[in-house]
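Q: Sequence:
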Amino acid sequence: MRRFSESSSGGTATAEEEAVLGAEKYRVGVVHEFLSLTLEKRALIHHVFEFKEELGLTRHMYQSLRKQTRAFYLAGTEMNWAVFLRDAYDDDGVLRDKDPLVLFNEKLQGYACMTEMDPRRSIAE
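Be aware that the sequence shown starts at 652, since it is given in the working numbering, and climbs by one per residue.
It cannot be assumed that every hint is accurate.
In the DSSO-like style, the derived pairs of lysine-lysine whose C-alpha atoms are separated by at most 30 Å in a straight line are [said to hold, decoys possible]:
#: 1; residue 1: Lys-718; residue 2: Lys-703
#: 2; residue 1: Lys-758; residue 2: Lys-703
#: 3; residue 1: Lys-749; residue 2: Lys-676
#: 4; residue 1: Lys-718; residue 2: Lys-676
#: 5; residue 1: Lys-703; residue 2: Lys-676
#: 6; residue 1: Lys-749; residue 2: Lys-718
Hints were generated in silico from the structure; no laboratory data involved.
None of these values were measured; they are calculated from a predicted model.
Construct the entire structure; sequences and hints are all you get.
A: Structure follows, in structure tokens:
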């Protein structure tokens, strides 16, 4: 009878390894769902970890998300990073389906960066 702490030489995962893998898959899925609910489909890790207890996240999320290169894009350093939902962005890094609030914020930022008003440009555009 094999114990959980013993490694298997037959190539099959032990029950403990399967439980760890299952928990990691769950946490990655939770982060994916969390990002899909955000307007910009991205978040700073500090914002995600505000919900650490509620979402059941661990401090090893960076390594877990790094393994999922088809689902997530990580930017920044290991201590201060942002996670992007890869399928929400095109190849140029532009959000595919922009929420009306995102469009409004982009327009507002454009006006905030203007030094003078163009008389041909309408605010209602």
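Q: Does each hint fit the structure? Answer for all of them.
A: Each hint, compared with the structure:
1. Lys-718 <-> Lys-703: holds, 20 Å
2. Lys-758 <-> Lys-703: violated, 33 Å
3. Lys-749 <-> Lys-676: Holds, because 28 Å separates the two Cα atoms, which is no more than 30 Å.
4. Lys-718 <-> Lys-676: holds, 11 Å
5. Lys-703 <-> Lys-676: Roughly 16 Å between the alpha carbons, so the hint for Lys-703 and Lys-676 holds.
6. Lys-749 <-> Lys-718: Holds: Lys-749 and Lys-718 sit about 27 Å apart, inside 30 Å.
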